[in-house]
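Input sequences plus hints: build the corresponding full structure.
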Amino acid sequence: MPHTFWVLAVFLAVAGPVIWPRSYNEAIPSLSNRVEPWKLTAPVALGKIQADKMSVQEYAESLLERIKARDDEVQAWAYLDEKRVVQEARLLDEIPKKNRGPLHGLPIAVKDVIYTKFNSPLYDGHFPETDAASVRILRHAGALIFGKTTTTEFAAIHVGPKTRNPHDLLRTPGGSSSGSGAAVADFQVPMALGTQTGGSLIRPASFNGIYSFKPT
109 MPHTFWVLAV FLAVAGPVIW PRSYNEAIPS LSNRVEPWKL TAPVALGKIQ
159 ADKMSVQEYA ESLLERIKAR DDEVQAWAYL DEKRVVQEAR LLDEIPKKNR
209 GPLHGLPIAV KDVIYTKFNS PLYDGHFPET DAASVRILRH AGALIFGKTT
259 TTEFAAIHVG PKTRNPHDLL RTPGGSSSGS GAAVADFQVP MALGTQTGGS
309 LIRPASFNGI YSFKPT
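So the sequence shown is numbered by my numbering: it starts at 109 and just counts up by one.
There could be a bad hint or two in this list.
[Claimed, not checked] No farther apart than 25 Å at their CA atoms in a straight line, the calculated lysine to aspartate or glutamate pairs in the DMTMM-like style are these:
{"#": "1", "residue 1": "K161", "residue 2": "D201"}
{"#": "2", "residue 1": "K176", "residue 2": "D189"}
{"#": "3", "residue 1": "K176", "residue 2": "E237"}
{"#": "4", "residue 1": "K206", "residue 2": "E196"}
{"#": "5", "residue 1": "K270", "residue 2": "D180"}
{"#": "6", "residue 1": "K156", "residue 2": "E166"}
{"#": "7", "residue 1": "K191", "residue 2": "E169"}
{"#": "8", "residue 1": "K191", "residue 2": "E181"}
{"#": "9", "residue 1": "K161", "residue 2": "E181"}
{"#": "10", "residue 1": "K206", "residue 2": "E166"}
{"#": "11", "residue 1": "K161", "residue 2": "E173"}
{"#": "12", "residue 1": "K176", "residue 2": "E166"}
{"#": "13", "residue 1": "K270", "residue 2": "E202"}
{"#": "14", "residue 1": "K206", "residue 2": "E173"}
{"#": "15", "residue 1": "K206", "residue 2": "D160"}
{"#": "16", "residue 1": "K161", "residue 2": "E202"}
{"#": "17", "residue 1": "K156", "residue 2": "E169"}
{"#": "18", "residue 1": "K205", "residue 2": "D180"}
[Said to hold, decoys possible] Simulated restraints, written as ranges between beta carbons of each label pair:
{"#": "19", "residue 1": "A264", "residue 2": "T238", "range": "19 to 25 Å"}
{"#": "20", "residue 1": "P323", "residue 2": "Y187", "range": "23 to 29 Å"}
{"#": "21", "residue 1": "E173", "residue 2": "P236", "range": "24 to 30 Å"}
{"#": "22", "residue 1": "P204", "residue 2": "F262", "range": "24 to 30 Å"}
Since the hints were derived computationally from the structure, they do not count as laboratory data. No residue lacks a Cβ here, since even glycine has one placed at the ideal position from N, Cα and C.
The following block contains the structure:
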């Protein structure tokens, strides 16, 4: 693994939408009194998918609409293929229940330092031939890999991407896991992978008002 000296971790949005500014929730007008799928936390979304109250495709499309409404301002994504996301969501919906993994259908973003371009011009046009081990594990558990989130170059350079703090667009989301923290905080994805050698998880978690979990 090319990122063995980093510690993988996840960002989690565990608080309800009530704590966020009204503008976040009104970015996409609600057509009814129901809670929009993109507002759901990871455990609630998983529960609805497992109970057949929401399809993986429905959840994915709601998150994509959220991203479309907010991406010009927050700019959390380094790579996102909407058509591929929807296609993979459909395939997950077709898997029989008895064959589904514990994270079946849960969208997860991946920091762009995990076996890919490292936000560096040195890796322009580079596409890894295999998934990173962490991504393979998530796919095996049934997760829907949503896309790649922004990072500072090689997760080490002080100058970061154009990603903004979703709470205040004039402020930084912190780094180096900038996009992962901003995307989770802005309800664009319920979970995201990040890495840390110094403060690359705790800064974005603190700056964006979410939790990060570092297993070591």
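Going down the list of hints, with the structure as the test:
1. K161 <-> D201: Status holds; Cα separation ~12 Å.
2. K176 <-> D189: This hinted pair holds, its Cα atoms lying about 12 Å apart.
3. K176 <-> E237: At roughly 29 Å apart (the allowed maximum being 25 Å), E237 and K176 break the hint.
4. K206 <-> E196: Between K206 and E196 the Cα gap is close to 19 Å, so the pair holds against 25 Å.
5. K270 <-> D180: holds (10 Å)
6. K156 <-> E166: holds (11 Å)
7. K191 <-> E169: holds (10 Å)
8. K191 <-> E181: holds (22 Å)
9. K161 <-> E181: violated (32 Å)
10. K206 <-> E166: holds (21 Å)
11. K161 <-> E173: holds (20 Å)
12. K176 <-> E166: holds (15 Å)
13. K270 <-> E202: Roughly 38 Å between the alpha carbons, so the hint for K270 and E202 is violated.
14. K206 <-> E173: violated (30 Å)
15. K206 <-> D160: holds (13 Å)
16. K161 <-> E202: holds (15 Å)
17. K156 <-> E169: The hint holds at about 15 Å.
18. K205 <-> D180: Distance ~37 Å between K205 and D180 Cα, so the pair is violated.
19. A264 <-> T238: 19 to 25 Å: The hinted range 19 to 25 Å holds for A264 and T238, with Cβ atoms some 24 Å apart.
20. P323 <-> Y187: 23 to 29 Å: holds (25 Å)
21. E173 <-> P236: 24 to 30 Å: holds (29 Å)
22. P204 <-> F262: 24 to 30 Å: violated (42 Å)
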